[in-house]
Each structure stands twice: as C-alpha cells, then as structure tokens.
Amino acid sequence: MRAVATGGAGFVGSHVAAYLAERGFSVVAVDNLERASAVRRLEEVGVPLVVGDVRSVDLPPADAVVHAAAYINVEESWERPYDYMWNNAAATARVAKQCADRGARLIYISSAAVYGEPQRLPIDEGHPARPLSPYGLSKQP
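Going letter by letter, the sequence shown gives residues 1 to 141 in this note's numbering.
Calculated directly from the structure, the hints in this document are not laboratory data.
Please note that a few of the clues may not be correct.
What the hints assert, rightly or not - Heads up, simulated EDC-like pairs for lysine to aspartate or glutamate below, C-alpha to C-alpha not over 20 Å straight-line:
no., residue 1, residue 2
1, K97, E43
2, K97, D58
3, K97, D63
Keep in mind the model is a prediction, meaning the values are calculated, not measured.
Work out the full structure: start from the sequences and follow the hints.
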C-alpha cells in the first residue's frame, strides 16, 4: 500500500512515516521544511522526502494520506491568525480535495484544541467543538 505523510519532516509526521515504513508501506513524506525537526529520522528509516508546500504541490500517488502538516503554536496563532487559517485550514482543504479526486483515504491529524474547555472526560468525537484559539479553529475538520 502506498502512503503519503504530509508534514512528514515534523515530529508527528516523521513518526507516522517511520511507523508505516517499518510495517511495509511504501511511504513518501511531503514537507516544506519551514519548521522541520526530523529530516534525519526520515533518512534513518529510508523514507523519501518531497520538499514542497501542500498548499501548492501535487501530492505523490497514494492509497492513503496522513495529513499532519500544520502550524501548532497556540500562542503564535493569536499573533498570526490569518497565517494559521491559511496554513492549516486551506492546506487541509486542498489535501482533502486531492484525496477525493484520486480515491485516496485521508487520515487527518487534528488537535484537542478544537474542543476548547472539555465538558466531559474523556473527550470523544461527539464532544462539542468550541475552540478557544485561532489554532483550535484552524484544526477543525
């Protein structure tokens, strides 16, 4: 099975890519390297890296895409809300469209920040979404 990990040179994306590769998936990581922290990890496990921004690059062919590309700093999202919406929400829409057009499955890495202050624990998928920051708003599916 072919898989793409967006944000693949970041912390979460690189671990997802390595996990899939170690289990026999043919994996390609896509990352713009703006905030990359794990290029070496990809090299260690033999996952190829396509340097590009998911807002503008066509994803490699895949049966599944794990979308982990995102800005993740809640405090910074208050200073740069437009950048967070553009980088997180608009990029997600583009990745989702490419998956739909190609018949690929999409696995979206969201955040507990979409729920805001929990009304109950544990938080489940049916919990109301009430984000308290631009970051949380930008990570809503």
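For each hint, the structure was consulted:
1. K97 x E43: At roughly 29 Å apart (the allowed maximum being 20 Å), E43 and K97 break the hint.
2. K97 x D58: holds, 11 Å
3. K97 x D63: holds, 14 Å
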